[in-house]
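Chemist: Work out the full structure, taking the sequences as your base and the hints as a guide.
There are 4 protein chains.
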Amino acid sequence: MSLTSEATNTVADSTLMTGEQYEASLRKLKFKVYLNGERVEHPVDHPIIRPSMNSVKMTYSLAQDPQYRELMTARSHLTGKTVNRFCHLHQSTGDLIDKVKMQRLLGQKTAACFQRCVGMDAINAVDSTTFEMDAKLGTHYHQRFERFLLRMQEEDWTVDGAMTDPKGDRSLSPGRQADPDLYVHIVERRADGIVVRGAKAHQTGALNSHWILVMPTLAMTAEDADYAVAFVAPADADGISYIYGRQSCDTRKLEGGSIDVGNPRFGGHEALMVFDDLFIPWENVLMAGEHEFSGTLVERFAGYHRQSYGGCKVGVGDVLIGAAALAADCNGAAKASHVKDKLIEMIHLNETLYACAIGCSAEGYRTASGTYLINLLLANVCKQNVTRFPYEIARLAEDIAGGLMVTMPSEKDLANPETGKLVRKYLQGVATVPTETRMRILRLIENLTLGTAAVGYRTESMHGAGSPQAQRIMIARQGNLQAKKELAKNIAGICDQK
Amino acid sequence: MSLTSEATNTVADSTLMTGEQYEASLRKLKFKVYLNGERVEHPVDHPIIRPSMNSVKMTYSLAQDPQYRELMTARSHLTGKTVNRFCHLHQSTGDLIDKVKMQRLLGQKTAACFQRCVGMDAINAVDSTTFEMDAKLGTHYHQRFERFLLRMQEEDWTVDGAMTDPKGDRSLSPGRQADPDLYVHIVERRADGIVVRGAKAHQTGALNSHWILVMPTLAMTAEDADYAVAFVAPADADGISYIYGRQSCDTRKLEGGSIDVGNPRFGGHEALMVFDDLFIPWENVLMAGEHEFSGTLVERFAGYHRQSYGGCKVGVGDVLIGAAALAADCNGAAKASHVKDKLIEMIHLNETLYACAIGCSAEGYRTASGTYLINLLLANVCKQNVTRFPYEIARLAEDIAGGLMVTMPSEKDLANPETGKLVRKYLQGVATVPTETRMRILRLIENLTLGTAAVGYRTESMHGAGSPQAQRIMIARQGNLQAKKELAKNIAGICDQK
Amino acid sequence: MSLTSEATNTVADSTLMTGEQYEASLRKLKFKVYLNGERVEHPVDHPIIRPSMNSVKMTYSLAQDPQYRELMTARSHLTGKTVNRFCHLHQSTGDLIDKVKMQRLLGQKTAACFQRCVGMDAINAVDSTTFEMDAKLGTHYHQRFERFLLRMQEEDWTVDGAMTDPKGDRSLSPGRQADPDLYVHIVERRADGIVVRGAKAHQTGALNSHWILVMPTLAMTAEDADYAVAFVAPADADGISYIYGRQSCDTRKLEGGSIDVGNPRFGGHEALMVFDDLFIPWENVLMAGEHEFSGTLVERFAGYHRQSYGGCKVGVGDVLIGAAALAADCNGAAKASHVKDKLIEMIHLNETLYACAIGCSAEGYRTASGTYLINLLLANVCKQNVTRFPYEIARLAEDIAGGLMVTMPSEKDLANPETGKLVRKYLQGVATVPTETRMRILRLIENLTLGTAAVGYRTESMHGAGSPQAQRIMIARQGNLQAKKELAKNIAGICDQK
Amino acid sequence: MSLTSEATNTVADSTLMTGEQYEASLRKLKFKVYLNGERVEHPVDHPIIRPSMNSVKMTYSLAQDPQYRELMTARSHLTGKTVNRFCHLHQSTGDLIDKVKMQRLLGQKTAACFQRCVGMDAINAVDSTTFEMDAKLGTHYHQRFERFLLRMQEEDWTVDGAMTDPKGDRSLSPGRQADPDLYVHIVERRADGIVVRGAKAHQTGALNSHWILVMPTLAMTAEDADYAVAFVAPADADGISYIYGRQSCDTRKLEGGSIDVGNPRFGGHEALMVFDDLFIPWENVLMAGEHEFSGTLVERFAGYHRQSYGGCKVGVGDVLIGAAALAADCNGAAKASHVKDKLIEMIHLNETLYACAIGCSAEGYRTASGTYLINLLLANVCKQNVTRFPYEIARLAEDIAGGLMVTMPSEKDLANPETGKLVRKYLQGVATVPTETRMRILRLIENLTLGTAAVGYRTESMHGAGSPQAQRIMIARQGNLQAKKELAKNIAGICDQK
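Chains as they are written, first to last, in the working numbering: chain R, 1 to 498; chain E, 1 to 498; chain S, 1 to 498; chain D, 1 to 498.
Keep in mind that a hint or two might mislead.
Identical chains blur together in the list; that is why a pair holds if it fits in one copy or across any two.
Taking lysine to any residue pairs in the SDA-like style, the calculated list, with each CA pair at most 25 Å apart, reads [to be verified]:
# : residue 1 : residue 2
1 : Lys412    : Asp45
2 : Lys335    : Thr221
3 : Lys412    : Gly256
4 : Lys32     : Gly239
5 : Lys28     : Thr296
6 : Lys340    : Ile473
7 : Lys425    : Gly37
Just so you know, the hints here were simulated from the structure itself, not pulled from any lab data.
Modeler: Shown next, in the form of structure tokens:
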């Protein structure tokens, strides 16, 4: 439960922005963005990008909503003020659990990736890692980080956590790539800061963020120390370019309708973020060569983010399950026992993901800096299931939806009087439900299983926060097989020490 | 093996059209087609429709190719001439097996639905059903059918088998729907023929067909005898309208490129086909009220078509597996043991589907008319697996492909000199493979798992030839549980007769 | 975390029995037991029964062990004394989580069903249900229950919760059975108590218990009010007979060896418990006709018990995973990538179960009586996974173990000098591991996958705490499909109220 | 279909033994057998061994039965006489298919491993391999083999194909083992023959065989040429010892009842077969150092045997499905939709295995010697599915059976008048089915999922004919990934030759 009591949640104590303020703040930023081969001047207003901004905006709006305020906010451990939970460092297992619930809520409200989690997971990972790094190496990153965090909380920023490098040839380490820039690295160390070059791929919500927090992509060796680099920077800094990623069915948003897009208001986005010799002053540098801590940072960020997927994807799953149930209502199949059973299976799988996220949260523990970390084994188990179950939930949704989902005429055929008459007549399901309603539901399922939202619900479930094999490596490492062998020897009556 | 010997395969003995002749023949038809709210005058040339025509055309071209001719053709049991196998009635289990191999081949060559199977499966089902119907009821449908078949073979027509009615409220029978037209039915019986009204949904390849062969959608009761109707008609008959179905990413084909579409040449299509009081002369009527045979016709057509999916989808699966392997080659992950294992699993699942299709063919048997029918139990088992394994194959392909598949910049970003430089630099995988090659492979995987071809590879695998539950009902009916109980009683030493 | 501080855990404040005291207390009971067609006078010493007593005994021994005491005990909310956690009512979500951890620990230490959970789950369910029943109906069951609970805690009893009736014909309600006794029911109501007749099947640990707590098996209707009956009774009361259930490989325990049994010390048992007009004085009656609360009692007991399976089976799974890893060590296959991957999968599945149990505990809530209940949806989800994953874990263990597990000579062949030489020579794996060690490991895996412990690890995982379909019904009821539909409508832009 | 016409199937033309003759012939053999630490003089009559003899006997009895004769026999390609199909070399794909059907039939009739397949698969593999070996190397093994085959057919022998060596440390090759005897090898080459030492593990049906046919266990290198050895020998030769393998619940067969054993008549067995410097005259040697052909022999034998599992296990599966259906009949649950659906799933999985076996047979081809080989890719796919689906079928059977299967009193409790009354009363299901019938069915399911037959149905499905990973290696090798990559490149429009 949130620790925020009503009494303290006064205006003076709060740093919360409204959704409108957030949107206005974004408009002021000068991103260098390319989409489909052209420069985009006002990303917020571009019809392909706008729905993703709406999703982030929801993280601000719900924090203002009395119904959700308690879940959406937390009391800052730095200032005692009420801050958006996305800007908060988890102070208890209760905070970890509330994080998951907040993510499920937002998944339910947007049916999309709402993009603000990456930054939340990044600040929590950076906090404990820089604390421990300073303690061991005598560096001074943690206080810099706290200064940044304070501003982030005060300004209620959305921060984009940036981890994934393009990686080039997977069989070669960063420094051995044909092109050394395929991993972000320090190309110059100056008295006043560092210069970095490289790119981050798949940057979720980059163009909806005020700042970025860049982290290394894997545990680095001494040989690759220049690749062990972390820093913060304004998202619209000179020296950063963005190339917007295409999604399945992205251009339906240019067609001007509200049905065929499936989810007319919300979406997510990813972009390729390029650093062209970007200068970072020391006050914004959070790691610069301390390769022995790059693994810890990656492991913790990934751990938090793998927990996250047990929240957000479950919320999206709730919408998909609801849509599938409505599809069955629309065509009169809702009472068939196999339909009911498939809906149960969808709920079962979805709640298994949620239980894993809650489980890794409840088993969380306090790190040296005071910030709570999830149970890493269970967080990896959670994400591993996320690489499987949403695919099965989607398959079952397609089963219930029926083939019409992918053979249905367009909404322009519905609008055209001549064809509209035929569409209305022949796509009518049960007599009480308008054909348009049925079309909207089927388009929503299409959106989630094949369209723009499938990018978030399927592929991101697979690869976001690390591909399946990354979790398996962590499960192997955290699974304590040796202790299990001792248990078995004890039971079997084997006394040797091997 | 095909029975066609080289000696007999001379020009005079063959009815085969070339691909070009096929295309020309289609241009002459006057379809009434709507796409995206507008009338389309020349479907063949519309960039959204054209790739689907190319797929059907491949069924003509390969029949001319010496490498594939033997598999692609058969000797007509009516005339002894060499006909395209798609126009052939199966005369042996060898023919049934060759059908599957032909379908796998075409799936490999198009990575799409090539659409011509529906008609082949329809003629085979209609042949034995009308034969048995005439024998039992004294009707004369079979000779009409044979006259049609002769023309179909002589003209090398593509025929669209049309079965699926819109069905409205699934909990109500055809005649109890609020709108009686939600199932195709006879609205008038005249001396010279019948008049039909209604629609057929999800019509695969309708606009690439010369004729249509319409069948009832389920076993009808006496009450619904007017819905037990089958007939042939020219695909461009007055009284037939088509509304083209939208597919995921369909409009990428309008963008003028060749990369982002994934599969630049081939595709499939579905359309809503509407009969507005269409007149059918008696010579083209194949069933008109004989409700007791509607179930047989549906069961046999569905059986053949469920076999088909163990051919065509396996061919498409071959392409997807190859693409996934190339994706791993592109980023240097091909030697990782988990990647190799996932490719093995994909092959295993794909070949299981193929084995089921071959199995139901080898266990086929001769019907009274001489045409061979597949083993219905195994054909349903085959299709039931098709409703599952392509989804898992697709999931594994997405696993190997990586997130870039859905976050990649557009090909216009590649073409733009400024962004192209960045895209080329940062999406480079192993140094020896051009970035464009990598992008093409990833777009192909996207096409098959999320894009236009996912309609065929996923949703059609689910619902085409009947939704999963339809197969389960057939498995229950064909599984002979009673005999299995007797086996168990015998083993357990239970002697009672219960 | 347990609330027990060291300071308070003094002898005077504790009610804990030692394992030896427990065993001695059992010896005094006069059970009427039949095993394999014969009356057994001293169940504790019967070689088939003894290992199950050892498992329960472990619940006493570990509570005395400083390493585990904190987890194994709790502070009684009635007396403030330290009691065995199996006698405790959960006072917080922390207690619910600790319960799961205790169960996992005992599963690890016994690799068997330790049988004492049923009573713990029963008292927790009875507590809140009788409290609410009294509040609504003005009955006085709760104070009776508290008096019983006090004695149970003071005496550190093992109590057998008894729920499952034989049920006869599943398509008929209790009162409509051909034999009314197929469900336990009240056959007489007297001034001093009630008389009950019937049986409870599959009674886990019945012969290792001091008392039994009998509950109805399902939600009863008014028609079946006499079947809505709950009570406590001494386990060795006159009027109760037990027929011991056979397990796979049970008689290996009579062979006198220690290898072929797989787990030489621990096991579980089930018995058919028959009430032959058993008299229950009113002070021991906990429900007698209040049919409207029978459903609540069943639902809560089942909920707690479905949570339990995410603890105990996970502990047993730990042993099985360890044994599989040792089997690979024994034959030199441990470094094969597929073996490592299978062990990872086993851990992944096992930890998913654990995460579900922790999740339903962390999401628990306080009932009116003060006792904490788990989240019912997640507890059912937990158990549903338990009906699947142990089977897959077992399958993978058998994969790693190799065929030798089921074709291995007996330990008498090892003991016989002539054959022993051959067995030692030819079953040698890696040179450093004695053949006997390898045999012990394989026999342990056999025990868990096919032998006596498979009853607990497989079949009980399936049916214990309710068969799979029972969980699906609860998931349907708790899944709140209506709210999910509203979410989907909101996203799809559907405004109607339907 | 079998080619045997009735007319030719006269006594003079047939070499078939009756079951009684088979049993009598076995009695004459002087096996050196140990079971449970003791020498067994008359294996045929030992109650633990007898049921396995009954299974093999069934392969003789059914060949005499007019109903099954056509399937059970074939016409020898050597003599034209009617021989048992188990002694036959497959002369067509029809023969390959009939083999599968015969195996399914025998699985149905015995619900156990009938053991005679190994020899059939061995002779077929040895035939083509020795033919090709002789052709390439100028050796003369094939004519020796044909002489042996002729005797085998004339005498209607059961031959035990022996392949699996103990293997010791899996990470070391045969010659590098600490004990060189852990793989069978030639220890002396003499003028009149060879002397071999070592053992074969898991020998199915060894004690029910007249002769053994020994093959190498894997592809050998030149270094291990002495391990490339194949030969035939009388099963009771001096120099061969057998240690009988224990099975789950084996000693129930010593209890004298007919219920608790589950399957009172049939079973299977495995034994460890030890060669103590066994002399083999040259006329019985089939490979002696030609290591380059050891891989071919293993691959072909394994291929045939992997096909076999798609026959025999399917037959056993039929019995298990029937038993599960009867269990539901017994307790009145047969009409529950989830029970019906689970039975459908069981049938679906079982028939998928069958379809794979038929598929790999129909795709078989003629080898140089004239003997037909199955399609190796599909045979491996078949077996890979066999390592999965029987486990799921068993899980579903346990689901339907209910917990009573593992908690049921013994048949002695049923026989005891006092307890028998209670057992009969309280284990009654639907009123019309005797309790004993219900018990028999549940014990049969227990037998197949946990008991003696589970060894065959589960573990042997996993490891028999090669463990799962062995099939995956073959699938990788046979899957032609390179051709699939070319298909994908062609579709994606990639022209480079890489």
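Chemist: With reference to the structure, classify each hint as holding or not holding.
Modeler: Going down the list of hints, with the structure as the test:
no.	hint	verdict
1	Lys412 <-> Asp45	both (24 Å within a copy, 21 Å between copies)
2	Lys335 <-> Thr221	between (59 Å within a copy, 22 Å between copies)
3	Lys412 <-> Gly256	both (10 Å within a copy, 22 Å between copies)
4	Lys32 <-> Gly239	within (9 Å within a copy, 55 Å between copies)
5	Lys28 <-> Thr296	neither (36 Å within a copy, 58 Å between copies)
6	Lys340 <-> Ile473	between (37 Å within a copy, 10 Å between copies)
7	Lys425 <-> Gly37	between (42 Å within a copy, 16 Å between copies)
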